[in-house]
Each structure stands twice: as structure tokens, then as C-alpha cells.
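*Asks:* For reference, the chains in residue letters:
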Amino acid sequence: MAARDLEELLESAAPIPSAALDIAAVGQRARSRRRRLQGVRVAASLVVVGMLIGVAALVSTSGHRRTVVAGPPPTSRAIPIVVGLDVSVPIDLLDGTRINLGLPDSVGEGVTGATFANLALHGSVYAKAGENRGWRIDVVPGSIDMLVPGGEPLTVPSGSRSSAAIVDRPGHRLGFQFGSWALVASGDTLTPADIDSLLAGIALIETPDGFVEYRGSLPLWIIGSPDAALTGRSLDVSVFLRNCSSQSPQSLASGLTFERAAASDGSSVTVLCDPARRIEVQLRGATPLTDSELYQIRIDLAFVGPTLAAIQAGQHP
Amino acid sequence: MTDESEVAEVCRDLYPRLVGALGLFCGDIDKAEDLAQEALARLWARWTTTRRPDHPMAWCYQVGVNLARSAARRRTIEQRLLRRVVSEPRPVDSAETTIRAAAVNAAILELPIRQRQAVVARHYLGLSVQEAAVAMGCAPGTVTALTHQATARLRQSKLLADPDTYEEAEHGSS
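Protein chains in written order, with the numbering used here: chain A, 91 to 407; chain X, 8 to 181.
With the rest of the complex left out, here is chain A:
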């Protein structure tokens, strides 16, 4: 079939719009889409401000004040994002894995200026190797007084890296303070023996760059949520250590695969995978990334931590 024949065939079968484009409706749709995205950002900002006000009120009315936050206020410290030919975003995961995400300027500007207050790290710890029981851990900058309000203060064992610990027994949540970072362990059960085990077995250190690294004795593993989540001004970055979740990925020349999807809130999600190294990065923004932007994205692995190494080797705690 000649190309001309094929073109004529497609022309004959292509549908024609039933009416002229209602340009006012399209404009209205674009404006409401923009307003909706702005509204989400404003709402998120208000939540953060509200939480800060709540913390301030809690601290000012507390009868027995305890200072548990060490170092500069975590919200003031910027993540060492390097802006050069592109925007290089370093993300350290709990196991010490360091990923440098290279983004074109047009995309990276959505996260430049992000502070550690915009970062959350997640994972899990197992009760012991080979035992299928454990707790989810969530690590964010801040105070455990805020994350486990009204909890029962615990005595931290000597030799622990933690400066304070609080337990919420009914909620099965145990909070730790490690410098300017707070860690909350939560699970289906939290017996007194579990609490002792966690107090002795969980430890974090703060790295010179300002990130935090797990140094506990309980086996660290991943969980069904991002291992790191960075919320920027107009771009959210999520990092997973796992086999790629894409259903029908397309390949890039860099060896990465990608898939685009529209999220239910109207935002666009691009899932980038490095299948050989078991790393998945999800970028969420208001509009889909262009193809030229996709071609410029790189995922560099500066350091492989023990959890990622175990995943790559097909092992499990």
C-alpha cells in the first residue's frame, strides 16, 4: 500500500468534530485547572503553617518543657541541590544509598530551594532477620513532641544515639529524637518487649550534608511507600528501591524506561525506572514532561547502601 493510499484511507476514516471548538470552554477548563493546582499548593502551605502554629502553641503551654531538638532549625537548612548545566538533586536514603537526580532546568526549578523540611524518608525494620514481623518507620525533620503528641516519655538506654523517646501505647507508635530528625516506628503490635528491642535496635546518624542514615542493629528494609519523598514548589519527587512498577514502559536512550500517567487529582506523573539497578523515580507536576525534558533526565547512583545491594541481589531479611 503506497503512503498516499494509506493517507487517503486514514483521511476517509478520521472522524470530524460534531461542532466547532467552544474556545471559551477550553479557556475556562484551563483556568480552572490552574486554579485547582494553585489551590492544592495553598492548602498544603496552610497545613504546614497550621502544624507549625500548633507546635508553637504546644511548646508554649507545656508545663514541663524539654528541649529535644539539636542543631539549627531543620526547616531552615536547604538540601544541597546544585544548579549548573542542569539541576542535580541529591537524595540520601536511610540505608545510605545516594542518588543524584539530574533534571533539566525547566523541571528542576520546581524543587530548587527545597529544605529538609520538604523531605520524608520511609522504611521498615524487622524484629530480627528471618522473622516476618516488623514495624514501619517514618523519618522527618522535627520534634517527636509534634509527631507523637501526648505520648509517654521513656528512658533512653545508655549508649543510644537517641536523645529522647516517646511511646503512644494505644496507637502502637514509638517516637525517637535523633538530633533534628524525628523517627516514628509503628506497627500492629508494640509490646513492652518490642519497645525494649526498638529502643536498643534503632539508631540514626546525621550526615555532614544534613541527611540522615540508619545505623541500627534491627534489619532495615523497604516498605510499600516511597523510600524518599521530596515535596517541591511545583514538583514532587518520590524514590523507590524496587523493580519497576510500570505496566508498559517506553525506553529512553539512557537505558531508563518511562511511563506517563494522569493522577486522579489532575496532576501528571512520570514514572522513570532504572531496571538494572532497581530504582524507580516518580515525578509529579502540574503538566506532563515534554519528551526533550525526559531525554535530559538522569539517575546517577553515587553510593549503594546495604538495602539496595540486597534488593539487587534478590535477597530479603
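Think of the hints as simulated: they come from the structure by calculation, not from any bench.
We put the beta carbon where it would ideally sit given N, CA and C, even for glycine.
Some hints could be false.
Claimed, not checked - Partial chain A-side listing against chain X, Cβ under 8 Å, derived:
no.	residue
1	A93
2	R119
3	A352
4	P407
Since the structure of chain A is provided, determine the placement of chain X on it from the hints.
*Replies:* This is chain X only, laid out in the frame that chain A set:
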């Protein structure tokens, strides 16, 4: 010319062709119209806030294809479609046109998604290999291969290899 009036003009220009391309891709005119309008709304939002795509038609086509492939999006469109079917009956084409178009559409819809995407981009939208490659996020060689495979499959279809024969057979049997 302001940004808004400029993008409005671009949208008007793109709309008929975009509906045609998305209609060929998804085989549903109502869905194609909704996808095209959503893609143009996103183009509009982008045009007036950030950067303008180098090739607006290729960009909108890719957005429309992505939306068509999104299950969540599909559900929303189907709900809108349901409302529209109830409220706006569509004019009916002549039987001959309808049968022919339906047959061609069926053959196109039998192509794998990437082949369908490539052949519509190249032979309906008239994108160059390079433009189609950028829109589809793949190498130019991949576009060429996909287009070739799609053309070969259409050639294998008796229906499409000799449309005149098909029309005569249809007329004869009616």
C-alpha cells in the same frame, strides 16, 4: 496579540485534526472530542504560564494518547460520554460512509497501540519521523519500524488492501 488570543487561535487550528487523530487512535468520536479538548486545555494552561511546546500538535496528540491510556481518565470520560449520549444525539452519516469508516477504524484498532500511534502520527497528522519520535519518546528508527509494521499489517487486511472490492461486495449484499 495577547497570549490568550494567540493560544485560542492555535487551539482552533489544531482542534479538527486533533479530533481526527485521536478518533483514529481510540475509535470513538465522543471520546476523541473530549480528549482533544482536555489536551488543548492543558496546552492553554502551559502556554500562558510556562513554556510553549516546540510542536503543539505533536504535544497535544501525545497528551491525548496518554489520557486515553489512563484508566482513571477513561472512567471520567465515560461518565461524561454517558451524559452526552443522553442529551445530544449525533447526526447519522450515510450508510456507505459509516460502513466504510467503521471497517477502516476496526482494522486500525486491531493494530498494537504503539503501531497505531505511529501510523496516525506519520500518515494522518503528517509529522516527520523526527517529530513523531519526539512526541512518542522513542528513537526515530523505532518510529520507522513501527510505521512499517503497521503498514504491513494493514496491507495484509483484505479489507484495506482493496477498498473498492469491499465497497462492491457491501453494495451487492445490501
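*Asks:* The structure should be examined with respect to each hint, and the outcome stated for every one.
*Replies:* Do the hints match the structure? See the list:
At about 6 Å, the closest approach between the beta carbon of A93/A and any beta carbon in chain X falls short of 8 Å, and the interface hint on this residue holds. With 8 Å as the threshold, the beta carbon of R119/A comes within range of chain X, its nearest partner Cβ sitting at about 4 Å, so the hint holds. The closest approach between the C-beta of A352/A and any C-beta of chain X is roughly 5 Å, which is under the 8 Å cut-off, so the hint is satisfied. With a cut of 8 Å, the hint placing P407/A at the interface with chain X is violated, because the nearest CB-to-CB distance is about 34 Å.
Consistency note: the structure conflicts with earlier hint 4 alone.
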